[in-house]
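Top line first, the protein sequences correspond to chains A and B.
Going by my numbering, the first residue of the first sequence is number 1, and it counts up by one from there.
Going by my numbering, the first residue of the second sequence is number 600, and it counts up by one from there.
Derived from the structure by calculation, the hints contain no laboratory data.
All C-beta atoms in this analysis are idealised placements derived from N, C-alpha and C, irrespective of residue type, glycine included.
Among the hints, erroneous ones may be present.
Partial list, derived from the structure: chain B residues whose beta carbon lies under 8 angstroms from chain A [said to hold, decoys possible]:
| id | residue |
| --- | --- |
| 1 | 788 |
| 2 | 789 |
| 3 | 812 |
| 4 | 813 |
| 5 | 815 |
| 6 | 832 |
| 7 | 836 |
| 8 | 854 |
| 9 | 858 |
| 10 | 860 |
| 11 | 868 |
| 12 | 964 |
| 13 | 994 |
| 14 | 1000 |
| 15 | 1001 |
Below, each chain spelled out in residue letters.
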Amino acid sequence: MTEKIRNFCIIAHIDHGKSTLADRLLHLTGTVSDRDTTEQILDSMDLEREKGVTIKASAVRMNYTAGDGSAYELNLIDTPGHVDFGYEVSRALNACEGAVLVVDASQGIEAQTLANLYQALEADLVIIPVINKIDLITARPDEVAEDIGSLLGVPPAEVIRVSAKDGTNVAAVLEAIVRKVPPPKGDANLPLRALIFDSHYDSYKGVIAYIRVVEGKVTADEAIRMIATGVDVKPIEVGTFAPMMKPAAGLAAGEVGYIATGLKSVHEARVGDTVTSAARPAPHPLPGYRHPKPMVFAGIYPSEAEDYQNLREALDKLQLNDASLTFEPETSQALGFGFRAGFLGLFHMEIIQERLEREYDLSMVFTAPTVAYEVLMHDGTVTVVNSPADLPDEGLIAEIREPWMTIEIITPTDYYGPIMELVTRRRGIYKQQEYPAPHRVQLDYEIPLSEIIVDFFDELKSRTRGYASLDYQFLEYRMDELQKLEILVNGEPVDALATIVHEKEAYHKGQRFITKLKELIPRQLFDVAIQASAGGRIISRANVKATRKDVLAKCYGGDISRKKKLLEKQKKGKKRLKMVGNVEIPQEAFMAVLSLEED
Amino acid sequence: MIYSLYLHVPFCKHRCAYCDFNTYAGQEALIPDYVDALVREIESVAHSAPEQLAVHTIFFGGGTPSLLTSKQFEQIFRALRGHFDLSDLETSLEANPGTVSLDTLRDLRSLGFNRISFGVQSFHANELRQLERIHDPFDVFDAVTWARRAGFENLNLDLIFGLPQQSLDRWSATVKRAVGLAPEHLSLYALTVEHGTPFGRWAARGLLPVPDADAAAEMYEWAGDFLSASGYEQYEISNWAKPGFQCEHNLQTWRNQPYLGFGAGAHGYAAGVRYSNVLRIKTYIERLTNPESRTVNIEFPFSPATVNRLPSTVRSEMQETMMLGLRLTSEGVSAADFAARFGVPVTDVFGKEIDELLGLGLLEWVLPPSPAFGRGAGGEGIIRLTKRARLLGNQVFIRFVD
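Could you build the full structure based on these sequences and the hints that come with them?
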């Protein structure tokens, strides 16, 4: 049965043409016709298409009659393309036997290519190397084929050269998948074990779990159990993606498809969990389940207090589809009622912010993102602090630990120096280097997460003219000399402006922060003193002088309506400011700490 | 109810670089037709009025009203006298100092004008050139001298401060020269760089080094002190006068009393509606010439040229009474007048706003000078801007709008 099934994914660095290649495969196999496709079928969210990044995994079944005359069932499992979603990538890879590795013919191998490749190798996948975009003038396929050949230990001639854009040689990729990727193994008579590699929420059918059946079979008639969450449920429907959801009698070992669970939240059917039979459960789950852990935290506050409930509902809805988004109520003296939300990374946070604005039409204040600190108290207890304002009194703290990451940067060797300078300036520690290809260096560092969540990637790109690429992973918590940098406005600390910094940087950051705030805070009816304080000392101060003149001159020929409109507009602008005590602070101020690095 | 009349003359020899008023250069050939149209509009509005209206001020603004000939003024005045009850009139004319002569001023005076307002703006030739004014400082001396000789006893000079590269010294020189000419009235306006003017375009390109708001505030405060030491009383944010010479026409607007607007782009406020006329001169003339549009039955205070109508609500009338009345730095808004007009004390409607502004030091209550004044249903006294708030008016006014 499973002899004619091939489960594979496509791995690539952003922009190397993964989605275009996937589209081309769908067309070639007749899975979709030209007419009913919008561009890039797998990236179904608008945001994905705009950012050119797959945010969520997806799967599609193709029927293909190969050169040997047999009909095959090809399951393409798409993987998220951003390093924030590394765990989702690993689950998707585990649902496959093979991976098509796509490398851009002019860009060559990049950090994510390697990171994903290593993950694929770890998952024991057969790799089919492909060079894409050979139609570009800047393409250098021979060189890139050499690099890939030496990386994988295969003759460069085996690397398939295609242009997904114009379709050149794409059929060869399908043939290679059939020939090289092994059919799935797995006994259909064992108790059911299926891996959830993605899920989404459907308002009619509840949570749709995307599964790869590893052993046994699943039908809509038999109750299933999620091993990690312990939820039992009778499926509403079982089926395959063709590419839209298409009900089927059942799915057996080796097959890829979906279970419409009827569950109300993706938290009950989590990515990485194992589906088994409720009546005849498997003794062990599949290996590798991890509870996704947010790494970056930020306060989200409605601009208008009355939007609090709407914001809560929007976050609830987003969470239905996004098990890695966390949030809990938080109160700020400055910003009122809001939420402290946790994200996988800054990119994930940006996506949530944009979706709240676009899909729910909410106007919000996001506070500067922060990491979660571990605070060891003198009494021996450890608390996790994910909001600088919550940092306990200095006298109670024995030590503060912050998350450290390992990062891999792959870059043309020319940019070695600027990168080294950037990373060490941000407290990074050099570990080792490798040369995966000629003129390419891979630099490994350890660096505090707090140093890379803010504009690190942009800096890296600008110092290397866009050539460097970055991959990162959590390493461990480490103690360091950290302290709270507080901002006082007219003598009162503003909780939402607090941040945690390294002692050595407190002075510099405090000064820059004050300079920035002085630019951002509009002149008020009275002088406003802004101060930065760290370790109980004021380290910087500035004065926003009271405004002296704010009045409209002569109105033209008795045109009172125009004058009134101008006043109404001014009043509206004033409403967008946040009242902190009696001082009006613009929303940008709460993110200002992010842009202190510019020189 | 006593009315004011505003007549707009949208012609200029040259457009000043900062001006965003409804005025046009190079269309002077249309003046005769325009005057005919004005007369028709006056007839039309007066005709639909419920009764013959009593009028106490007439104001010709522009543009450059002094471009009209005395014959043309005579034609307009004939229409006005024929349709309104004119008595005890203040009749003002805006004039460009570069467009008048002793003879024309004599004619204007004998036509009935008893107040003249010269757009002086500055006494520095280079500043006037930058503003693209068509007159020079000497024209001003001549114009004032001739106006006095022609019998004008109520004379205003307009000045602008906060000009590009203007220093406090240069500004004070302008103010001193203006005071030296002993006008009865002075208007000091802060330069506003308006979108769509040459100044707006230059500023957008960074080519207009205007003094910052603090420097402009210095100029304003210096001038206020100097004028008060020279015998002028400030009665509005931008206006000073010798005792008894306040501009009655402008007071009408600030007291939120009715005025009729005639001419292209003119604004009016009457019968509970704010309205305005079509902007373009040709369209204005067409609308008043076309027999079809003229025969349409039009309700007071509109005319065939009316294009915008914004009916007031009680709420908006209250808001405007505050936002306009508080511009009057001395008389402010009288609690008794407010209560008499709206049947509810001002503190019931705007108590929260007033308290907040009192707390911020931007408003003050002043008790009436005599007990006979203002002890009405709504309490007593007047509410007005504090001295400091005269330059922060918007911070006050925005609290009275939505």
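Here is how each hint holds up against the structure:
1. 788: Since the shortest Cβ distance to chain A is 5 angstroms, the answer is holds.
2. 789: With a closest approach of 5 angstroms, the residue 789 of chain B hint holds.
3. 812: 4 angstroms, holds
4. 813: 6 angstroms, holds
5. 815: 6 angstroms, holds
6. 832: 19 angstroms, violated
7. 836: 6 angstroms, holds
8. 854: 12 angstroms, violated
9. 858: Given a least distance of 6 angstroms, the restraint on residue 858 of chain B holds.
10. 860: 6 angstroms, holds
11. 868: 7 angstroms, holds
12. 964: At 19 angstroms from the nearest chain A Cβ, residue 964 of chain B fails the 8 angstroms test, so the hint is violated.
13. 994: 6 angstroms, holds
14. 1000: Where the cut-off is 8 angstroms and the nearest Cβ of chain A is about 5 angstroms from residue 1000 of chain B, the hint holds.
15. 1001: 6 angstroms, holds
When each numbered hint is compared with the structure, violations occur for hints 6, 8 and 12.
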